[in-house]
Amino acid sequence: MKNFKMNFAMLAMVLGITAAVGFKGTAKSVTAKPGTTWFSYNGAGSTNPLNYTKVSARPEDCNGTAALCAIQGDENGSTGHPTQGTVNAPTATAKFQ
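Residue numbers (the working numbering): 1 to 97.
It should be emphasised that the hints constitute simulated quantities derived from the structure, not laboratory data.
Quick caveat, the model's predicted, so the values are computed rather than measured.
Worth double-checking, as some hints may not be accurate.
[Said to hold, decoys possible] Each pair of labels, with its calculated beta carbon distance range:
(1) 17 / 50: 46 to 54 Å
(2) 57 / 13: 55 to 63 Å
(3) 8 / 84: 21 to 29 Å
(4) 67 / 91: 17 to 25 Å
(5) 17 / 45: 54 to 62 Å
(6) 89 / 64: 55 to 63 Å
(7) 59 / 89: 18 to 26 Å
Cβ atoms here follow ideal geometry from the backbone N, Cα and C, with glycine treated the same way.
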């Protein structure tokens, strides 16, 4: 009977530790605010993300209404290029004069 009580106590302790560790909360991921990155367009085909290069801000010479100059949107990882979704529907666009 003494062995049974000891084994039962150890089993309860192991199950308690397992439950405490197994049910901890999930961590919240922190992501950059979408649509805040500008990409300069090189003019080789506006539907290809590889034809855009990440820039630190909206290009100063992109304040007109003519040809596409830059787009704003989400970056594809850390590639320096926009996602295909950004190319298809950018948050903002800028054009040459």
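For each hint, the structure was consulted:
Evaluation of the 46 to 54 Å hint for residue 17 and residue 50 yields a pass: the beta carbon distance comes to about 51 Å. Evaluation of the 55 to 63 Å hint for residue 57 and residue 13 yields a pass: the beta carbon distance comes to about 59 Å. Between residue 8 and residue 84 the C-beta distance comes to about 59 Å, which lies outside the given range of 21 to 29 Å. At about 19 Å, the beta-carbon gap between residue 67 and residue 91 stays in the expected band of 17 to 25 Å.
For residue 17 and residue 45, the Cβ-Cβ distance of about 59 Å falls inside the hinted range of 54 to 62 Å, so the restraint holds. Checked against the hint of 55 to 63 Å, the C-beta distance between residue 89 and residue 64 comes to roughly 21 Å, which is inconsistent with it. At about 20 Å, the beta-carbon gap between residue 59 and residue 89 stays in the expected band of 18 to 26 Å.
Violation of the numbered hints given earlier is confined to hints 3 and 6; the remaining hints are satisfied by the structure.
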